[in-house]
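Student: Next come the chains, spelled out residue by residue.
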Amino acid sequence: MATQLVLEKWPGLISTVTLGAKKEEGGSRATTVKIGGENTLPLLFNEGNIPNKPAIAFEVWDIPPEDWPEELTKAYGKVLNDPFAWADKCVNEYKAQALCLRMQGTHPDFGDKGAQEAAKFVSALLKKVNVPLVITGSGDDAKDNLILPACSEAAKGERCLIGSAVQDNYKTLVASVLADGHSIIAESPIDINIAKQLNILISDMGLSLERIVINPTIGALGYGLEYAYSIMERARLAALSGDKTLASPFICFAGQEAWRAKEAKAAPDQGIIWEVITATSLIQSGADLLVMRHPAAAVKVAKYIDSLFINK
Amino acid sequence: MFIIGELINGMYANIGSAIKERNKSEIQKCALEQVACGADALDVNCGPASRQPLVDMPWLVEAIQEVTDKPLCLDSSKPKVIEEGLKAARNKTIINSTTADPEKLEIIIPLAKQYHSKLIGITISAKGIPQNKDQRLELAATIVATCSEKEFSIEDLYLDPIVLPVNVAQAQMNDILESIHEFRIISDPAPKTIVGLSNVSQGAHVRSLINRTFLTMAVAYGLDSAILDPKDKELMDALITAELILNKNIYCDSYLEAYRKK
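Protein chains in written order, with this note's numbering: chain E, 1 to 312; chain V, 1001 to 1262.
Quick caveat, the hints were computed from the structure, so don't treat them as lab data.
Please read all numbers here as calculations on a predicted model, not as lab measurements.
For glycine and all other residues, C-beta sits at the position ideal for the given N, C-alpha and C.
Misleading hints may appear alongside valid ones.
[Unchecked claim] Cβ-to-Cβ under 8 Å is the rule here; a few derived chain V residues that face chain E:
1) Glu1066
2) Ile1250
3) Tyr1251
4) Asp1253
5) Ser1254
6) Ala1258
7) Lys1262
Assemble the whole structure, with the sequences as input and the hints as a guide.
Tutor: Shown next as structure tokens:
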């Protein structure tokens, strides 16, 4: 007798977040990227709909990264000194569907660029490339509160994804994102209770839950990946069971975490492998948007995603 | 927890007179208030004073479903009154209720099947109210067996252990709570469980506290559904917290608000 598979049906649905706005929508992007929208656990195609593939955003900085290992910097070469050329290379050579801009140069310790300069940079980058943008600050809360509103305004109408809002610092960013028509990254420190609380706090300010993307904070392979997995799984199970306050897509900074691992720098090519394994494991955990660093790793993961979705 | 709002009942003065005067808006207001407070379904009862329940029941059903598509729990001991409600209903329905008496089951189960309604079975019979857990289980088993026989889906059956006032039947409270747990192991798939909550505090002075304490305990025994006053905020808060403690929802500092956003 043939084995009968038990198929699970869920009442909940992850919200769909669109990155980028085309001309007719008030922006200037040539393409848009939709993430989320699934009503089942990752890759269980027979149990529900997974309308959007996990997407990859290439990480681009506004200044040359100082602490990137050589294997990573040599992949890009000279363009790391020119953020516009760097962004251009990602889009035209590596066919990046989205970019994740890190405004590292605004950090007090890394150039301390002001709000006006940051805004100007974002405007120029938007003219240079036509894919959707994720914009993140430098991680210095006080400084991010100054520059991110300026960047948000400079990108008004482009439907960017801007972050990160954290539990102790979200109000300024939420107000900007709300006013300028973007979506927001809500970041919690591998803590599902805080992830849920932050989503509520943000939605209480009037930004709908459908414009939130959760950054659950992840660990790379060997550095807490399975802990991140368990948090993401738990959030997803709750969301699919009907908890709207957790029904947001996930953004995962796979590149950033993978290249911090000492193993990633231990032998040639090992960093690429580390980033690929981290990213593909996160896809199994429910990641909807992966922010990646090494072009070879990003290209491999994109192929892997295509192979998973080949019949879909 | 599946919450059925109890406030549309002719025994309450405002509803009684609204039925008498055909004041639709009073009924609709009561329906919407309960939904806003978290009711998943609404009990509909013409009340003991209704002189023409066969007309009042469908009128209530029509009035309520003009403003909400929540399921309606048609509450009457008279099958004919329930049937008039079923005929008028476009919303989903729950029949409230049948006893374990064969002659009642003979009429009500086919009615539930015909109108694709869920069904509440109360563990009482013509012999009276059960005095202990074993009698409750016996009556529950009768209801479940008859439903199976008549091919009524057990998943659509809600068993009510019949909650008695604590000031009348204090010795039975433990048996009532244990019955909630044991009803679920009568069959697989399991029947669901339900209580008419307010009865527990009937005639007592401190009603709300007794209601919410009993509900909290019943939730711990696995209760699926309750007919209660969703406008009692402290009651709802206690319910949400009880479910939180049982890990049915994920904790966050604003968990009460999070639950209400669902």
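Student: Check each numbered hint against the structure and report the violated ones by number, ascending.
Tutor: 1
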